[in-house]
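I would like the entire structure built from these sequences, with the hints used as guidance.
Sequences listed follow chains P and L, in order.
Counting in the working numbering, the first sequence runs from 1 upward without gaps.
Counting in the working numbering, the second sequence runs from 1 upward without gaps.
Just so you know, nobody snuck in bad clues.
Take a look, some chain L residues computed to stay more than 10 Å from chain P by CB distance:
# : residue
1 : L75
2 : L79
3 : P112
4 : D311
5 : G319
Straight-line alpha carbon distances no greater than 20 Å define the calculated EDC-like cross-link-like pairs of lysine to aspartate or glutamate that follow:
# : chain 1 : residue 1 : chain 2 : residue 2
6 : L       : K187      : L       : E97
7 : L       : K193      : P       : D169
8 : P       : K167      : L       : E149
Just so you know, the hints here were simulated from the structure itself, not pulled from any lab data.
Glycine is no exception: its CB is placed at the ideal position from the N, C-alpha and C atoms.
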Amino acid sequence: MRRPGLAWFQILVHIFALAPLVRLLWDFTQGQLSADPIREIQLRTGRHALDLLVLTLACSPIYNVFGLKAALQLRRLFGLYAFGYASLHFLNFIGLDYGFDLALIRADVADKRFIIAGFAAFLILLALAATPIEGMKRRSSRNWRRLHRLVYAAALLAALHFVWQTKADFLVPLLYSAVVVLLLILRIPIIEQWARLPSKWLKRRQGNQSSSQSH
Amino acid sequence: MPAPLPGRSEFNRITPSEITPEHLYLSRREFLAGGSALLASTFALSACTQPGSTPSPSATGFCDSAFASKTTDELGAKLTPCLDITNYNNYYEFSLEKEDVAPLARNLKTSPWEVAVGGLVNRPRTYGLEDLLRKFPSEERIYRMRCVEAWSMVIPWLGFPLAALLKEVEPASTAKYVRFETLHDPKQMPGQKAGVLNWPYVEGLRLDEAMHDLTILATGLYGKSLPPQDGAPIRLVVPWKYGFKSIKSIVKIDLVEEPPVSAWMEASPREYGFYANVNPDVTHPRWSQTSERRIGQLERMRTLPFNGYADQVAHLYAGMDLKKFF
Numbered sequence: 001m002r003r004p005g006l007a008w009f010q011i012l013v014h015i016f017a018l019a020p021l022v023r024l025l026w027d028f029t030q031g032q033l034s035a036d037p038i039r040e041i042q043l044r045t046g047r048h049a050l051d052l053l054v055l056t057l058a059c060s061p062i063y064n065v066f067g068l069k070a071a072l073q074l075r076r077l078f079g080l081y082a083f084g085y086a087s088l089h090f091l092n093f094i095g096l097d098y099g100f101d102l103a104l105i106r107a108d109v110a111d112k113r114f115i116i117a118g119f120a121a122f123l124i125l126l127a128l129a130a131t132p133i134e135g136m137k138r139r140s141s142r143n144w145r146r147l148h149r150l151v152y153a154a155a156l157l158a159a160l161h162f163v164w165q166t167k168a169d170f171l172v173p174l175l176y177s178a179v180v181v182l183l184l185i186l187r188i189p190i191i192e193q194w195a196r197l198p199s200k201w202l203k204r205r206q207g208n209q210s211s212s213q214s215h
Numbered sequence: 001m002p003a004p005l006p007g008r009s010e011f012n013r014i015t016p017s018e019i020t021p022e023h024l025y026l027s028r029r030e031f032l033a034g035g036s037a038l039l040a041s042t043f044a045l046s047a048c049t050q051p052g053s054t055p056s057p058s059a060t061g062f063c064d065s066a067f068a069s070k071t072t073d074e075l076g077a078k079l080t081p082c083l084d085i086t087n088y089n090n091y092y093e094f095s096l097e098k099e100d101v102a103p104l105a106r107n108l109k110t111s112p113w114e115v116a117v118g119g120l121v122n123r124p125r126t127y128g129l130e131d132l133l134r135k136f137p138s139e140e141r142i143y144r145m146r147c148v149e150a151w152s153m154v155i156p157w158l159g160f161p162l163a164a165l166l167k168e169v170e171p172a173s174t175a176k177y178v179r180f181e182t183l184h185d186p187k188q189m190p191g192q193k194a195g196v197l198n199w200p201y202v203e204g205l206r207l208d209e210a211m212h213d214l215t216i217l218a219t220g221l222y223g224k225s226l227p228p229q230d231g232a233p234i235r236l237v238v239p240w241k242y243g244f245k246s247i248k249s250i251v252k253i254d255l256v257e258e259p260p261v262s263a264w265m266e267a268s269p270r271e272y273g274f275y276a277n278v279n280p281d282v283t284h285p286r287w288s289q290t291s292e293r294r295i296g297q298l299e300r301m302r303t304l305p306f307n308g309y310a311d312q313v314a315h316l317y318a319g320m321d322l323k324k325f326f
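What follows is the structure in structure tokens.
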């Protein structure tokens, strides 16, 4: 590791992100996935994907407000895990649930806006996960950045997907949507500048202190 | 005018004498079990101590003596396991979480229980549950239950045709529809404290649908009295309609002139119609209506028009545009 301390954070994130998958597999072997396991797999993988996506979006604001550099370094990891769970979610849908029966899928999907929103979100995550990071970043940093702003579109679509598939209890999906919108607002340039103020002030104060101590 | 009662369908028909009353076969089982009772309870204990046994204790007990006369429905589909039927329930009066219903419903007081039958009838009457059980002998009916959420079960109900009860109260000539109401008691039904639906739950049928022989009031399943999570002590079962039409824990039945507005129609009129016949041609914004997952098996199966009961009920809707009257 180039930076000391980074590996430690990363290990924590790996454990945090993989734990739900381990639990899912364990519950599967124990027959603990309810009377309708395919639905249970679908609900859990979807929720974990959205959780990780929200964490991905939270990294920049956390860095801005608290000046925590580690948050920026973990953003990509969260994003890749979000894509991982979204892939399981997608595969469970077309594979386990529909048995790759494309005719049946087509008949069912066309008029379901929640599936279209979810699929669009998945395609965006796929594109972001597939973009080679270091090389492309170096070659055209601006394009890479532009492309990766789409993660906000993916999160909004995923939240919409959650709301639209809800039958009766909208509280949780609306809370997720509110968090996603809030995280998006925090990236508006002028708000972002305000958000940076505390960490800047903190830095300046620390700087002053250390300089006064040296006198 | 109530439509003439259609001839009794041949399939699924079991004469009452074929069914051994619960108390009889239970005592037979007790006799057989007598010697091994100690052994059995030891096993039961060890089973309970195993980490993560899904079913709630009450449901486990219920299913220990589950009984059905057949193992499949008339189409050859296997009965859904008793534990699934009694642990995976849509019953929003208790919880929105299917697996939380059984534990939350465990203490529902189902005795004494009264059903008030009135409205446009010549002989309105309030029946105690025992009156109903005595007057109208139970028969087993193995029905497919197709939930609007695109999953389904095959359930061996015990019950009697709703028509028998309606005939006794004599619907007036002005009666065109039947309106049903579930118990409203937020103390016992914690889900009713939340405003997910306008409580009490209300459902309705056209009078000829209500008089159809397939339409039953169920009081049991798998040979035993209904457990609370499945709608105890008495519920409607209309097998060719989506599950939400089959209203649970009924306290009131009224004959009325106008089509009743059901709880789900009120909550979301574009999604849930009055008829709610199982129909692969009427799509839903969230769930597939062309196919379904049968609980307990992996592959998706095609959904049948009228849930496979078209031969018996399609004539009720002759000339109607079922995409409009969904």
